[in-house]
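So the chains spell out like this:
Number of protein chains: 2
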Amino acid sequence: MKIYDTQTAPNPRRVRMFLAEKGVSAEYIQVDLKGGENLSPQMLSKNPMGKLPILELDDGTCISESDAICAYIEAAFPNPPLCGESAIEKGVVAMWQRRVDLCLMLPVVHCFQHTTGYFSDRMTPVGDYGVVAGKDAVKFLDVLDKQLADSTYIAGDNFSIADIVALCAIDFARVVKIRIGEEQTHLQRWYKLVSGRQSANA
Amino acid sequence: MKIYDTQTAPNPRRVRMFLAEKGVSAEYIQVDLKGGENLSPQMLSKNPMGKLPILELDDGTCISESDAICAYIEAAFPNPPLCGESAIEKGVVAMWQRRVDLCLMLPVVHCFQHTTGYFSDRMTPVGDYGVVAGKDAVKFLDVLDKQLADSTYIAGDNFSIADIVALCAIDFARVVKIRIGEEQTHLQRWYKLVSGRQSANA
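Quick mapping for you: the protein sequence lines, in order, are chains A and B.
According to the UniProt record's numbering, the first sequence holds residues 1 to 202 in order.
According to the UniProt record's numbering, the second sequence holds residues 1 to 202 in order.
Honestly, the hints are just simulated from the structure, not real lab data.
Be careful, since some hints might not be right.
Stretches of chain A that chain B covers, calculated by requiring three or more beta carbons in the stretch to come under 8 Å of a beta carbon on chain B [as the list claims (entries may be wrong)]: (1) 54-68; (2) 125-133.
Just the calculated beta-carbon pair ranges, DEER-fashion [to be verified]: (3) 76/A to 39/B: 39 to 45 Å; (4) 39/A to 86/B: 14 to 20 Å; (5) 127/A to 41/B: 33 to 39 Å; (6) 45/A to 174/B: 32 to 38 Å; (7) 59/B to 45/A: 36 to 42 Å; (8) 45/A to 41/B: 51 to 57 Å; (9) 35/B to 24/A: 46 to 52 Å; (10) 121/A to 175/B: 28 to 34 Å; (11) 45/A to 201/B: 35 to 41 Å; (12) 120/A to 127/B: 16 to 22 Å.
Even for Gly, the Cβ is constructed at its ideal location relative to N, Cα and C.
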């Protein structure tokens, strides 16, 4: 399998980390996101939304959207499970994955895009909204800190995709100067634990 | 199982429709979202994010976030499958579910919240961003129309969760005057097909 990738962007990293946790190798092809190579006719034929990463299977099927790529990988390579095993675990992991995605990753990305104008050639940045999004992301770090007071990992006793998305979002958040607070000791403990995994280097 | 629900909001509807497709019944409890009943201590103990819907299982476990509730239901009640069966199908359905969610449902909801100030007691509306979000949603209707030129349902030959999310988003979009264009004949064909399902009344 091939992955069309960009090393510096947060969403491709979650797919690399997910694959590394599964011990599955892939051929990574770097695409120049800032230069707009993802919007070339060749890349748009693989993903009409013009986003990265894209998984291309040997039969030519292309799957884009990071969490959809992870859904495919989880089904094709079930071990170790990263999205829960029982129905309740699957629901709880999906709940935290979604919260981290919508309340942290997306606001961080929106804060970056809307306050810096990084993609102003392909979207309309609204600075005031970027500021609001950044504040929302900061607020959610408190939710995570509280959850991690009683829980080794975000969705419970087991490492999961929710931890991967959170790590990628928190590391990327440095570009907009959002960091874990010194008083958020549970989140600090979790960050050290999760960023120490070999997959975090993927 | 109990579902804490609000009849008029688009996300609770997708859970009701998903359950109706599975033929699974639940006890629905109406919560006054506009009045802020979802922010009461009792409701925050079930979902600290203060959002609806919430699934409460008989053992007291609470799962929130619509797509996490659907992930639980899909695992607990596999038939009929609404999220794909093979690994590739699961990936393709998740891809379209995600696209519909991030490029249609979320922008429609943002357009509504940021342009009307409906939740200005609990968030900071940025009108200009609401307008941009609405334009993004309109653009995505073209993507769906193109996809449906060659495909009975959004993710292929089978009805899936992607169709449920799209129907709920498109019906809700009327509140911000976003509608399927007359020239979008494939999307019109699909809308008639999907809104004619019994589950659409759930």
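The hints, checked one at a time:
1. Restraint check on the stretch 54-68 of chain A versus chain B: 8 residues with Cβ-Cβ distances below 8 Å, three needed, restraint holds.
2. Under the rule that three or more residues need a Cβ within less than 8 Å of chain B, the assignment of the stretch 125-133 of chain A holds, with 4 such residues.
3. Remark: the range hint 39 to 45 Å for residue 76/A to residue 39/B is upheld by a beta-carbon distance near 41 Å.
4. Look at residue 39/A against residue 86/B: about 31 Å separates their beta carbons, and that is not inside 14 to 20 Å.
5. Taking the beta carbon of each, residue 127/A and residue 41/B are about 36 Å apart, inside 33 to 39 Å as hinted.
6. Distance hint check: the CB atoms of residue 45/A and residue 174/B are about 34 Å apart, consistent with the given range 32 to 38 Å.
7. Under the hint 36 to 42 Å, the C-beta atoms of residue 59/B and residue 45/A, about 48 Å apart, miss the expected range.
8. Under the hint 51 to 57 Å, the C-beta atoms of residue 45/A and residue 41/B, about 52 Å apart, fit the expected range.
9. For residue 35/B and residue 24/A, the Cβ-Cβ distance of about 49 Å falls inside the hinted range of 46 to 52 Å, so the restraint holds.
10. Here the CB-CB span from residue 121/A to residue 175/B is close to 32 Å, well matched to the stated 28 to 34 Å.
11. For the pair residue 45/A and residue 201/B, the beta carbons lie near 39 Å from each other, so the given range of 35 to 41 Å is met.
12. Checking the proposed 16 to 22 Å range against residue 120/A and residue 127/B shows it holds: the Cβ atoms sit about 19 Å from each other.
In this structure, the earlier hints numbered 4, 7 are contradicted, and the remaining ones agree with it.
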